[in-house]
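Numbering (the numbering used here) for the first sequence: 685 to 1522.
No wet-lab data here; the hints were simulated from the structure.
Be aware that one or more of the hints could be misleading.
What the hints assert, rightly or not - Taking lysine-lysine pairs in the DSSO-like style, the calculated list, with each CA pair at most 27 Å apart, reads:
(1) Lys1399 with Lys1413
(2) Lys994 with Lys977
(3) Lys1114 with Lys978
(4) Lys1216 with Lys716
(5) Lys1277 with Lys1309
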Amino acid sequence: MRTYEPKIIECKWQQRWRETLAFEVNEDPDRKKFYCLVMFAYPSGHAHVGHVRNYMIGDVVARTKRMLGFNVLHPFGWDAFGLPAENAAIEHGTHPETWTRDNIAHMKGQLQRLGISYAWDREFATCDSEYYRWNQWLFLKMYERDLAYRRRSKVNWCPSCQTVLANEQVVDGGCWRCSSVVEERELDQWFLRITHYAQQLLDGIGELDEWPAKVLTMQRNWIGRSDGALVQFEIVSLSDTNEPIASDKLDVFTTRIDTIFGATFILLAPEHPFVDRIAETSETPARFREQIKKFRMLDRTARMTGQIEKEGLETGRHVVNPFTGEPIPIWVANFVLAEYGTGAIMAVPAHDQRDFEFARKYALPVRVVIQPDDAGRHDGATLKQASVEPGHLVDSGEFSGLSSANAIAKMTRAAEQRGIGRAQVQFRLKDWGVSRQRYWGTPIPIVYCDACGTKPVPYEDLPVELPKVAEFHGSGTSPLAQVSEFVNTTCPACGGAAKRETDTMDTFMDSSWYFYRYCDSRNGEAPFDVDKVNYWAPIDFYSGGIEHAILHLVYSRFFCRVFADLGLVLHTEPFTRLLTQGMVLRDGAVMSKSKGNVVDPDEMLATYGADALRLYEMFVAPPEKEIEWTDAGLEGSARFLGRVWRLVMSVAEALAESDAVVMDETTLDDCARSLRRKTHQTIRRVSQDIEPRVHLNTAISALMELVNEVYGYRKGDADVTVMSLAVQKEAVEALVLMLSPFTPHLSEELWEALGHSDGVVAAGWPAFDPNVARADELVVPVQVNGRVRTRLTVDAELSVAELERQALEDPHVVAHVSGKTVARVIVIAGKLVNIVAR
RNA sequence: GCCGGAGUGGCGAAAUUGGCAGACGCGCUGGAUUCAAAAUCCAGUGAGGUUCACCCCUCGUGUGGGUUCGACUCCCACCUCCGGCACCA
């Protein structure tokens, strides 16, 4: 018998797949399509075993679907723009493009050595101008529809390097390179109006019944619809001068208007426009401004993660509570966010925990206006923490006695009638800032003309190509701004001198529609052909890391709706089924080059072969679960493949020596029938485990059990008869076919050895016969008071009454029931008997 | 801090979703084979007790409560770890 030599076999089949264009597909209206997609790769340098886990999951699904007769599109490409390439340029002087292209070449080799069945003819990288020109095209379409707009917005600014920093480049509030304290700076930046689609994106969640519930919950919370009221608080001046001030009203958004009688002060975000206006009239303007500046300079991440001490600054100004008519003070608070709501909140310390802490710190009044329906009365003076539960209103004028829910409706209506407020729906979702002051991204196709203003680059002038030459020193303005041939252009409207936008786009733009481009990746006339996309899309199975649960998947859903509104796609949700793969950790942390804990698949591949590595990664845990990498079990998978090889080869040899082997069910003995039953039970189990459950680890363990069973059968079968060979043939053929999505090279080789020349896809997925799989006898556990006391082996067809009778007669049961009365007997047919005895 | 997860033998895990806890694999132990080793094949393997062969009993799914005939699974509170938090992708 030949020995199993993975390297030779893997080379042979990879070459054959390449030569026969085995995974390249075309639209075929006569066949059922299946679009299987894994999130494309960021070409960071080397794929590690964590990345490739996802590609393996996709490959198992794609290969299984092919065997089931589907026309399977399984493409791959590169998310090639982004910060790390530019960092490499700054640190090592390599051009971002060189670095990126080299990495792609290396990683592509890695994936090919793993035998992933990609349609490589559709491959592209987002840094190809044939791709990013369609980013620009789409940006212009959105600009035309007022979905792209420009406004001032903050960035992290390193005062020493004179440059913009990404959040990742801010370490403990300092610049990653020079450690200077990072400041905030306002720049004109482009935004996409995703908030226009907020309600649609929320409603669409209802259609996503094949997504993990946790992702839907996260997205729902991210979009964060709250129904509340916008209430106006009139500003009064209680200062000696009684000098009037520019703005006379503050808008506040609240979901708890029922608590408004307890609003004892107002809090403003440090960035609130009113704050700047009152600085001048402050008693000590210099100190006031300094304190506000301190608030604004607080580390963004610290502010976000609640690491900051809650602090406030009294403004000396007051507003009138529109419901009580009382003047209440205005404070500035460092924990109030400018981006949410109106950037101003009414503080109700008795009924909001953060307001409560703030009030206690600055000795502000706490007034209870909601009493719980059941428990005793709260008192503002003695309250230990805010009481946030709804209840009924007290000390709230005409609204006293109402329930919270009733009060919200009535008080909102009252505010509307009095012209001081209205019902308002507020989303947490913010518009998407897409401007990046960096080189390695898609240039934003906009021109600024002194005479004509902001002008889109005409469609026929796309792409706006990224100039090859630029300086990368990590300081000063963005690299593109330093390339005068790029910056200086002519105005598309008047033909006069004009300047190009020098910001590039967020790389999330690239990744928000790449899945459509795969459907028609060589199209030079349009982002894609509408008919092609509408044949393949929506994506039937999409798999990727759980870390993308929100941003990437929300942005892609947004773009899908934009494409639908442009009449280019017919669906409103791009991904029918989502699988979020767990991360691969090592030493408790995500694998990353910077942490130095990556495991290179090539090392594993050299020792054990691609099939063993693939099998191991799929066997070690279910796909959704995060795993801690260890190489210990890999050897076990390699051992299993050796076991499969020897078993199948020996059956193949026996078959080659015998005449035609035909199954004749009437001649089977009990052992043979039992093996056939196991074979068919395994087919049923593996089929269900792969689709729809995608429990790939248990699918593999079922195949291992089948292998053990065949070995056991052969041990008890010294003289091989035609009959025993027939059941073995059936078992190993099913085994080889079902294993092929996991270990395609080995399976193709074994399938060929079994005398089949057309490959496993042509053979198709094995079918199971429920009659053969059915067990004649069952083992039913019998419990007394919930504890198993015995097991009965019974006929599968045994009636419930008879099962109950046999259980009660069993000596073990009798022993445990003696001295007690049988109160109840619970019989679950075919599953279990529980006898309740008192 | 907010949002979302996860926690089961020495280890990775399983339990088809409220019905036998620990399938399958790793590791370990013993045996066969071998001059020997590797490889391979076979058997055993949650803890404790009782037998020391068979049987049998108790405990056991992060912690503490609860619901139920029955809970790894559902509910409440807590602990630890992981992911996301809008410029890493």
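Each hint tested on the structure:
no., hint, verdict
1, Lys1399 with Lys1413, "holds, 16 Å"
2, Lys994 with Lys977, "holds, 15 Å"
3, Lys1114 with Lys978, "holds, 25 Å"
4, Lys1216 with Lys716, "holds, 14 Å"
5, Lys1277 with Lys1309, "holds, 22 Å"
Of the numbered hints listed earlier, not one is contradicted by the structure.
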